[in-house]
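K.L.:
Quick mapping for you: the protein sequence lines, in order, are chains D and R.
The numbering of the first sequence is numbering that gives the first Met the number 0, which starts it at 0 and goes up by one.
The numbering of the second sequence is numbering that gives the first Met the number 0, which starts it at 0 and goes up by one.
Think of the hints as simulated: they come from the structure by calculation, not from any bench.
Just so you know, not all the hints are guaranteed correct.
[To be verified] If we take Cβ atoms under 7 Å as the criterion, some of the chain D residues that face chain R in the derived model are:
no.: 1; residue: G17
no.: 2; residue: P111
no.: 3; residue: A149
All residues carry an ideal CB built from backbone N, CA and C; glycine is no exception.
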Amino acid sequence: MYEGIVQSLIDELGRLPGVGPKGAQRIAFHLLATDATDVRRLASVLVEVTERVRFCRICGNVAEEEECRICRDPRRDASVICVVEEPKDIAAIEKIREFRGRYHVLGGAISPIDGIGPDDLRTRELMVRLSDGAVTEVILATNPNLEGEATATYLARLLKPLGLRVTRPASGLPVGGDLEYADEVTLGRAFEGRRLLDV
Amino acid sequence: MAGPAVRDNDTVSLYRDDGIVLRTQKLGEADRIVTILTRRNGRVRAVGKGVRRTKSRFGARLEPFTHVDLLLYTGRSLDVITQAETVRAYGGPLAVDYPRYTSGTAMLETAERFTPVEKEPIIRQFLLLVGGLRALGERVHDPRLVLDAYLLRTLAVAGYAPALDECAVCGTPDPVNTTGSRSFAVPAGGLTCRSCRPPGAASPAVATIALMRSLLRGDWAQADISQARHQVECSGLVAAYVQWHLEHSIRSLRHVEHV
Ligand SMILES: [Zn+2]
Ligand SMILES: [Zn+2]
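The following block holds chain D by itself, in its conformation from the complex (with noise of 0.2 Å):
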């Protein structure tokens, strides 16, 4: 245990993902060594992130604005919806520069024994977007795990009235991984050899 202020900021930076307890010991000495204009410069971004960004109001990606930077853009394909779990996936997929639609976040995958059921999702925003008929294929990106593809188990059969294309990426990715861990190479493989859900 360290003085007060020391402490706090052990503490908080405790809390954070991926950071055990050394982690943020280690962390916060090293805020102690370094310049105080970088210091500065760091709690600066930390406050204004928080001001400024919020979830966009179509797609529910982070953004600056009401609507994100992708649901701004004319150029985007508005006849394609990608549906990912976490806004994290959307960055995953820009990389790979293979899709030109745009997304929907989901906000996590359904996991009962977690208490999360469909309608903890933005399940409905998604079949709002979907009601004026712009929209032609549906391609469910969520996690190529047990709950991400129950989740497109579940969405393909609530989409399936609609006629729409529901396709899901190949199944070149590995099971059990996260969306966000997998290579550039895989998941443009994935994205191109997407294949119709059928339920």
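On the provided structure of chain D, position chain R with the ligands as indicated by the hints.
P.N.:
Quick look at chain R with the ligands alone, frame taken from chain D:
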């Protein structure tokens, strides 16, 4: 992969067991905490290192519903998985069939709840779960029936089988036929005769009571031809009964569908 831990007495505490993965939780950047109901060691919580990276050899083998053969070493707080081989992956076929998936998830959650103490051997619960998952994957019976049969037998193994052949309170045999009672009281422990009927007891259809009996006994010929409304009523009673005895809700049950 980290090497095996060396204990104070310089011996490495490695052990091998097989089990069903019940649940996984993210840990740090790319690890997962995996909860497994094992054959010999009861419920075990262990770390799978790097399994969320798509290149992991382990990832798919440590997904829920997978029957895995494991080599673990005893860690200070959590054990660590050093090898995992798939015995049978029940999850794949379930994930493409939503009603079966949700029934299966409720089975996993129930198995976890019925094994509250870590590392307490409880082989009958393990065997029941394997049997239940196999039945679910075979697609012969309605998934909700398979789930309800599993729940009833899990209760029986734990010593909480509902009284279906006698009054739960006074023991009068066959209260449905002898006293014309259709009282099913969860807190009392099942069917009761007319005079023992507590206030607030349910009055299920005779066919629903018969269905519960069939499921508990494994009489599938009878269970398979039961009517949907009796299946729904049976599910409701079984769910209430399980949650009463666990003093805990099974969150997955809310998401299970009747097909
Ligand atoms: Zn957007
Ligand atoms: Zn009685």
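K.L.:
Hey, does the G17 of chain D contact hint survive, CB to chain R under 7 Å?
P.N.:
Holds: closest Cβ of chain R sits about 5 Å from G17 of chain D, inside 7 Å.
K.L.:
So, as I understand it, the hint says A149 of chain D touches chain R; can you test that by seeing if any CB pair is closer than 7 Å?
P.N.:
4 Å, holds
K.L.:
Checking hints one by one. Is P111 of chain D an interface residue toward chain R, by the C-beta closer than 7 Å rule?
P.N.:
OK, holds: P111 of chain D within 7 Å of chain R, min 4 Å.
Hint compliance for this structure: every hint is met.
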